[in-house]
Amino acid sequence: MFGRILITCWAFIFGSVLILSLFPRLALLIPHPEYIRVFLVPFFLVSIVYGVNRLYKAGMKRARENNLKE
Amino acid sequence: MSRKWYERIGPLGLWNLYKDDWLVTRQASRLFVLSTVIVLAMTPIFEGWLDPKKMTFWTRLPWGILGIIGPIALFFLWIGMWRYWVRVDSSSAWAKRFWFLVLLIGFWWGSCLYCFSAYLPQVLRRHRAEA
Numbered sequence: 001m002f003g004r005i006l007i008t009c010w011a012f013i014f015g016s017v018l019i020l021s022l023f024p025r026l027a028l029l030i031p032h033p034e035y036i037r038v039f040l041v042p043f044f045l046v047s048i049v050y051g052v053n054r055l056y057k058a059g060m061k062r063a064r065e066n067n068l069k070e
Numbered sequence: 001m002s003r004k005w006y007e008r009i010g011p012l013g014l015w016n017l018y019k020d021d022w023l024v025t026r027q028a029s030r031l032f033v034l035s036t037v038i039v040l041a042m043t044p045i046f047e048g049w050l051d052p053k054k055m056t057f058w059t060r061l062p063w064g065i066l067g068i069i070g071p072i073a074l075f076f077l078w079i080g081m082w083r084y085w086v087r088v089d090s091s092s093a094w095a096k097r098f099w100f101l102v103l104l105i106g107f108w109w110g111s112c113l114y115c116f117s118a119y120l121p122q123v124l125r126r127h128r129a130e131a
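Each protein sequence line maps, in turn, to chains L and P.
Its first residue numbered 1, the first sequence is counted upward by one per residue in the working numbering.
Its first residue numbered 1, the second sequence is counted upward by one per residue in the working numbering.
No lab work stands behind these hints, which were simulated from the structure alone.
Do not take every clue at face value.
The calculated lysine-lysine pairs, modelled on DSS-like cross-linking and capped at a C-alpha distance of 30 Å, are [as the list claims (entries may be wrong)]:
{"id": "1", "chain 1": "P", "residue 1": "Lys54", "chain 2": "L", "residue 2": "Lys57"}
{"id": "2", "chain 1": "P", "residue 1": "Lys4", "chain 2": "L", "residue 2": "Lys57"}
{"id": "3", "chain 1": "P", "residue 1": "Lys54", "chain 2": "L", "residue 2": "Lys61"}
{"id": "4", "chain 1": "L", "residue 1": "Lys61", "chain 2": "P", "residue 2": "Lys19"}
{"id": "5", "chain 1": "P", "residue 1": "Lys19", "chain 2": "P", "residue 2": "Lys4"}
Label-pair ranges, simulated between beta-carbon atoms [to be verified]:
{"id": "6", "chain 1": "P", "residue 1": "Pro11", "chain 2": "L", "residue 2": "Val38", "range": "43 to 51 Å"}
{"id": "7", "chain 1": "L", "residue 1": "Leu28", "chain 2": "P", "residue 2": "Pro44", "range": "29 to 37 Å"}
{"id": "8", "chain 1": "P", "residue 1": "Leu120", "chain 2": "L", "residue 2": "Leu29", "range": "53 to 61 Å"}
{"id": "9", "chain 1": "L", "residue 1": "Lys61", "chain 2": "P", "residue 2": "Leu14", "range": "16 to 24 Å"}
{"id": "10", "chain 1": "L", "residue 1": "His32", "chain 2": "P", "residue 2": "Leu50", "range": "43 to 51 Å"}
Here are some chain P residues pointing at chain L (derived, C-beta under 10 Å) [unchecked claim]:
{"id": "11", "residue": "Asn16"}
{"id": "12", "residue": "Glu47"}
{"id": "13", "residue": "Trp82"}
{"id": "14", "residue": "Val86"}
{"id": "15", "residue": "Arg87"}
{"id": "16", "residue": "Ala93"}
{"id": "17", "residue": "Phe100"}
{"id": "18", "residue": "Val102"}
{"id": "19", "residue": "Leu104"}
{"id": "20", "residue": "His127"}
Beta carbons: idealized from backbone N, C-alpha and C, even for Gly.
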């Protein structure tokens, strides 16, 4: 579920970048643009940590399965 | 196997380009070894030990070609080794934990180490067993 939220947020971010590059004047409608950076840095870090954690869990699950087979 | 739309784009798309069966083939192992050599040859460029301004055209040319091929080899090796660790690696849990840290902290150089120390021995063992 959390992974889906992250993917949706990234899709929203990239979608916004695309729309703003086509219609730059829309950026004036963003209420507090200075907060975007405050949001983006932790969001990027959370995404990385989530991805690494997911990789670790998937890899270790396979290790345990292999060990049980042995 | 049908994938969701978001599994075909971005980092997940690259990740899913590798097939588990293909990772253990001879062709894959040869390509990974070649990538390892290219990545190691790229180290002087990454570390900034080279000054292209002082080089002649013919000395600069191979470095330029390496600069084009290098990043492709780097991502091919890096993602490939992560994929192998997650999906195929049959080591014990502690060995896998160790290699996880090596891959995480060592970036592409960690992938080179993993390729020579874990991936290749396992793939060669598998091929010998099949033969």
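Per-residue hint verdict: P/Val102, partner chain L, C-beta under 10 Å: Where the cut-off is 10 Å and the nearest Cβ of chain L is about 13 Å from P/Val102, the hint is violated.
Distance restraint hint 43 to 51 Å, applied to the beta-carbon atoms of P/Pro11 and L/Val38: Violated - the Cβ-Cβ distance for P/Pro11 and L/Val38, about 24 Å, lies outside 43 to 51 Å.
Mind checking the CB of P/Asn16 against every CB in chain L and telling me if the closest is under 10 Å? violated (13 Å)
Holds or violated: the 16 to 24 Å window for the beta-carbon distance between L/Lys61 and P/Leu14? Holds, at about 22 Å.
Let me know if the C-beta of P/Leu104 comes in closer than 10 Å to any C-beta of chain L, holds or violated. holds (7 Å)
At a threshold of 10 Å, is the proposed contact between P/Phe100 and chain L supported by beta-carbon distances? Interface hint status for P/Phe100: holds (6 Å vs cutoff 10 Å).
Quick one, is the P/Glu47 hint okay against chain L at 10 Å, beta carbons? This hint is violated: P/Glu47 lies away from chain L, its Cβ roughly 24 Å from the closest one there, beyond 10 Å.
Indicate whether the distance between the beta carbons of L/Leu28 and P/Pro44 respects the range 29 to 37 Å. Given a distance of about 47 Å, which is not inside 29 to 37 Å, the answer is violated.
Check the hint pairing P/Lys19 with P/Lys4 against an upper bound of 30 Å on the C-alpha distance. Holds, at about 17 Å.
Hold the hint about P/His127 up to the distance rule: shortest CB distance to chain L must be less than 10 Å. P/His127 check fails; min Cβ-Cβ to chain L is 18 Å, beyond 10 Å.
Taking 43 to 51 Å as the hint, is the beta-carbon distance of L/His32 and P/Leu50 inside that range? holds (45 Å)
Should the hint that P/Leu120 and L/Leu29 are 53 to 61 Å apart at their CB atoms be regarded as holding? Hint holds: Cβ distance 56 Å, inside 53 to 61 Å.
When held up to the earlier numbered hints, the structure conflicts with 1, 3, 6, 7, 11, 12, 18, 20 and fits the remainder.
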